[in-house]
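Sequences listed follow chains Z and S, in order. So in this note's numbering, the last one in the first sequence is 737, and the numbering has no gaps at all. So in this note's numbering, the last one in the second sequence is 1737, and the numbering has no gaps at all.
Be aware that a few hints might be false.
Here are the simulated DSS-like pairs of lysine-lysine, each with C-alpha atoms no more than 27 Å apart in a straight line [as the list claims (entries may be wrong)]: (1) S:Lys1144 - Z:Lys373; (2) S:Lys1363 - Z:Lys511; (3) Z:Lys507 - S:Lys1363; (4) S:Lys1507 - Z:Lys363; (5) Z:Lys371 - S:Lys1144; (6) S:Lys1373 - Z:Lys144; (7) S:Lys1373 - Z:Lys363; (8) Z:Lys350 - S:Lys1144.
No lab work stands behind these hints, which were simulated from the structure alone.
Protein chains: 2
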Amino acid sequence: MRYCILFISCLLSSVMMATEVKSPNGHVVLSFTVENGRPTYSLTYKGREVVHPSHLGLELAKDKHASKGLEETDLMDGFTLLKDEVKEVDETWQPVWGENRNIRNHYVEYLAILPQVEYFRTMLIRFRVYDDGIGFRYEFPQQKNLIYFLIKEERSEFRMTGDHTAWWLPGDYDTQEQETQETRLSEIRSRMKEAVNWGNSSVAVFSPTGVQTSLQMKSQDGLYINIHEAACADYATMHLELVDQQTKALTTQLGGGSNAYTPNPKPSPYPLPQPFTFVSHLTPDATGLKGAMQTPCETPWRTVMVSDDARDMLSSNLILNLNEPCALDDTSWIHPTKYCGVWWEMIVGKSSWNYTDEFPSIKLDNIEWQKVKPNGRHAANNEKVKRYIDFASKNGLDQVLVEGWNVGWEDWANMWKRDVFDFVTPYPDFDIKMLNDYAHSKGVKLLMHHETSSSTQNYERHMEAAFNLMNEYGYDAVKTGYVGDIIPRGDHHYSQSMNNHYLYVVKEAAKHHIMVNAHEATRPTGLCRTYPNLVGNESARGTEYEAFGGSRPDHTCILPFTRLQGGPMDYTPGIFVTKLSEWSDNPSWARITIAGSLALYLTMYSPLQMAADLPENYEKFDDAFQFIREVACDWDESIYLEAEPADYITVARKAKGTDNWFIGGKCDENGHKTTVKLDFLDKGRKYDCTIYADAKDAHYEKNPQAYTITKKVVKAGDVLKLTEAPGGGFAVSLIAK
Amino acid sequence: MRYCILFISCLLSSVMMATEVKSPNGHVVLSFTVENGRPTYSLTYKGREVVHPSHLGLELAKDKHASKGLEETDLMDGFTLLKDEVKEVDETWQPVWGENRNIRNHYVEYLAILPQVEYFRTMLIRFRVYDDGIGFRYEFPQQKNLIYFLIKEERSEFRMTGDHTAWWLPGDYDTQEQETQETRLSEIRSRMKEAVNWGNSSVAVFSPTGVQTSLQMKSQDGLYINIHEAACADYATMHLELVDQQTKALTTQLGGGSNAYTPNPKPSPYPLPQPFTFVSHLTPDATGLKGAMQTPCETPWRTVMVSDDARDMLSSNLILNLNEPCALDDTSWIHPTKYCGVWWEMIVGKSSWNYTDEFPSIKLDNIEWQKVKPNGRHAANNEKVKRYIDFASKNGLDQVLVEGWNVGWEDWANMWKRDVFDFVTPYPDFDIKMLNDYAHSKGVKLLMHHETSSSTQNYERHMEAAFNLMNEYGYDAVKTGYVGDIIPRGDHHYSQSMNNHYLYVVKEAAKHHIMVNAHEATRPTGLCRTYPNLVGNESARGTEYEAFGGSRPDHTCILPFTRLQGGPMDYTPGIFVTKLSEWSDNPSWARITIAGSLALYLTMYSPLQMAADLPENYEKFDDAFQFIREVACDWDESIYLEAEPADYITVARKAKGTDNWFIGGKCDENGHKTTVKLDFLDKGRKYDCTIYADAKDAHYEKNPQAYTITKKVVKAGDVLKLTEAPGGGFAVSLIAK
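Just chain Z, with the same shape it has in the complex (with noise of 0.2 Å):
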């Protein structure tokens, strides 16, 4: 790791004019200051205005613990500018996996030091300005006046210069499964209701303006704005609450630990921010506040990135960046991962994750298994397990996903039900030593799979056993999911005691060397560069939902924008018969092409990637199918070629260790045309290329199975010209020969 540290600068006086820093190559600028007691920055990029003067601050409960007895007061105002530090700092880091080998990480930051004089006491702003956006987070250093306190909401102001077109997700404290909104800020509110309806997850609104992060915008003149968070670790996952013209107070829920949308809500006391002005609204816990903090302490990294170009947006690794360094000492063991599953059969309605329907409801304690009536549909079942196995070992996939292979499927979600899994008991029908030994024997390892239908603390009570278990058979990798309400009752899926449980299982299946890839958790903020065996988390709407009455052609172009921001995604891409009916009685389909299946793989960046169709469907698209076997999911470098939010991304990446490149290309439901100049192929050096395309006629709907595959040889600065099919897409291998 290089370092290039430079100070700049050093002691100012509390002067009142803002404070400009500039980004190392002059293109984003950060003003600060203090006006009239708040600290207030704003931010340009080429010189054209991206956020408007913006306050900074934090609310503080009036709580009996808090100060040790002094009354509580806020961190908003009556700051002055004691002092502020400016330095910059140069530095290459490897990523254990990624879209690169090497990530750059040169900014300059500034701190402020801003004592809030009536109260002797003393908060910090760090700010790091970017080429392509900023971060800032509020730091809060051990003193005497400020040793604990409680949150009752962050006020960090973003404040937009205009109606730009964002593309959002109504703000929820437990599901970021939406389909994304593209409205003006100010259709936000109207648009809300609607929002909220689409699809079918169960969504409960803080604010009729709330919206989630990462949140992507453009404005009228083509700046791309996106606003989301870093390494939010022991702290509440932020939203942002929409400023309009009919906001008459920002909602606060203090004392309450309904989800709902309140509709009194208590006041902040402090002026109304004006219209396009997004507030930053934190996850509360049960009794509605939103943070216990103990000094010396910090928030998480607020981001603002910005561009003229939509590629930047994708390649930026400023959240990666805003990260701590990896914190484990041993990473020989974490790798990238492809894997097909006992899973799809499941969510398309076929067979079950239960083994048997003999009960209203089961209690873990009091069934025999072994005496149990079978329901005949249970998947996980050791002949099909075998079936996965043998598919696996043929195609080079890693390992084998098994859901339903352990015992309390029977009534396992939004019961209230606190012992609901054990983690260690098989079915009867699964012989976990015969199946990993099988497995192993194929040159394959099983998946684990610890669903705790939200059950953090049966969970946490049962994991180090879980872990062991998985470390006597050979596991070494496990999908969590967060079906369902949280138990303790009241908390919710982001707030700070469940993000801090996400980590602390992240940081406890470092331990027995385990991968994590964990569903329904909060949205990634790039804690995956401190604890690399944070391989995955899904914490957006995934493949799933195909099954479930389907998403939109456009979604896979929006989430790269959005929520992939923070850390990969286990979308499970690779869905080759769309309409589920051909093989079941479901009656959803997929909205997407099979080239526009493969492309996937690419333009939806994760180290680990699902293979998620059955066999027996990928053995019907075999040719096909060879994209998959063949493509890498770990990179030496990434060229986002060409990017447009909810309309197409074209990606060209270069496998890691190797000279082949792989080229991805996925659209919305219009199509699209591209031209791929094959100008970062090694120069002199032949290429096999194999093409996947959309056949002409091709459609999302109406044609999806018709690709082309069309293999030649190619050398760098050849031309690929490329048709996407509605919903379609494309997929390029470039072998060197």
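Please build the complex by placing chain S on the supplied structure of chain Z, with the hints as guidance.
This is chain S only, laid out in the frame that chain Z set:
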């Protein structure tokens, strides 16, 4: 174990006449009927009314998850009595430890099968009628229309027959450490404010007539009545709300997690019971709900004990009998324990639990303990612990409790700090290996201490490692503590989830052969029968309050009627130097004489007894200390010789496996004269009798250290005449010759 099960009757019609069920000796008679669809019971004792007709039922929450979409309806009315069953059971069992070697469990059971026809579901109510009271519980068989349900409130009524005198604690979800109030029922409301402000506990009542159980009463015509519960495991602790002339509606707290009295409670839709009716009020979770249930399941037993002789309140085994038999196969490792400890000097304020005062707060991961500056007041240091080990060894005490041995005490309580302790890292001046080796070489064990600071999630995360550490160094008992507000926030000490936690700890400890003594946990309900490694609880105002301003002299003449009904208390008696200013800066003083302190080892039954004062204080009164050296804490037989709540208690106990008897008498601030007939001694045998009595001028305030020791030889039939000073008592040992 001797079983005598007799089926007396079976099928009855749903006629609305009350069914009468008599206790084995006929003194207690239960009547049960269904009155306008509501289950209704009443109770008489020797023909006198004890409980007027009272309704039974539960209000359920209208939760989205309940009963799979069915709109949830209450289990309050619409019942018919389809069938009932009566049987008599007479069995005798042996506790692992206790007041008696054999316990007879003799009752007539009445089971009412109650379909709620409109909803096609059935609830059972099971009564057990003993000669000294009744127990009843609700049972919910597994059935299609009652699979899961959420309890809004249990509505078990106990309609008293008049304006009884009651000994009560203000109803609180988190503390039982108040002084007991003695008032008429009609005076509870007017006394509440004073009761809440009494002492220095932080009390937040749920209702102006809310009280805790066990509630001891005495009717104006001399009936002793006690309401409590038995076998409260995975269910919220029950409080009682009195309906009086001012009651407009019962308090129901649904949807709010506040622990303060709700000024505008949502009223129950059911008619208000008559004045002098107690109605059950369960401890809520963070969302205000009272319980999440899955059939088949049942509530704890609700108990009404009754007699015209106060001694029967103390000798009753009704609550133990209503608990399930021992669940542990091997109990050989469970033993009664007498102990001293590094504790009182910290309680008094002379030394500290924490090792350093260097930091405003600490984070366990960030401190290099070897490098911090000691505060010079840390009690749990090698030298001091060795002094206590030497003292224990010399005086036949089994164990030495050491509090403050582990890192984290610098800022441990009420800071909403989750990661407070790790339970495995000793302070630098506590050599855990050396001290345990030293203790074992002297025939003594150390007694572990796990203060959780009510951060239960943190404790559960570290518990297995903590118990392993105990096993490694040879600890076999742990004192746990739950000081401060519960984390996760919004939960309460007596909620369903916390009650589950306490029992989880006991069960996990049993796997490690560890005995548990849980402080600040919920009040016990006889679970020590099922899990006899639960050797103690605090759950009331203990001796520590003598250092916090003091407790009334009659306090220990009330506790056996109330707190001790459910199980032993680690009251930590034995303060000899009652004026704390004699050796510290603490102006508090214990309101007891030395002879009174000795009496507590008998009147406050526990298998775990502390000699709480400092070794040097005992050494000043070594002749009195002889009684503590000698007294047993496990018994073959116990005979309550006289008793009156808040006035006096005299008990004789035969030490287990010996022919030695011990007698103790404790009285209130008025003094007491007693005549003990030694007719329980073996005929024809002689006993060395040592009498530790208050001196003539002894007085709990003016002359607490004035005692006499008299030795003589006695035989069966002899009479001892004893005078107890104000706030005093006596203790007698009778060693068989």
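Z:Lys350 paired with S:Lys1144 [C-alpha distance capped at 27 Å]: Given pair Z:Lys350, S:Lys1144 holds - Cα atoms ~25 Å apart, limit 27 Å.
Hinted pair Z:Lys371 and S:Lys1144, Cα distance within 27 Å: Holds, at roughly 21 Å.
Hinted pair S:Lys1373 and Z:Lys363, Cα distance within 27 Å: violated (53 Å)
S:Lys1144 paired with Z:Lys373 [C-alpha distance capped at 27 Å]: Answer holds: S:Lys1144 to Z:Lys373 is near 18 Å, not above 27 Å.
Restraint check for S:Lys1363 with Z:Lys511, where alpha carbons must lie at most 27 Å apart: With a Cα-Cα distance of about 21 Å, the restraint between S:Lys1363 and Z:Lys511 holds, given a limit of 27 Å.
27 Å limit on alpha-carbon distance, applied to hinted pair Z:Lys507 and S:Lys1363: With a Cα-Cα distance of about 18 Å, the restraint between Z:Lys507 and S:Lys1363 holds, given a limit of 27 Å.
S:Lys1373 paired with Z:Lys144 [C-alpha distance capped at 27 Å]: holds (18 Å)
Distance restraint between S:Lys1507 and Z:Lys363, which requires alpha-carbon spacing of 27 Å or less: At roughly 18 Å apart (the allowed maximum being 27 Å), Z:Lys363 and S:Lys1507 satisfy the hint.
Checked against the numbered hints given earlier, the structure breaks only hint 7 and satisfies all the rest.
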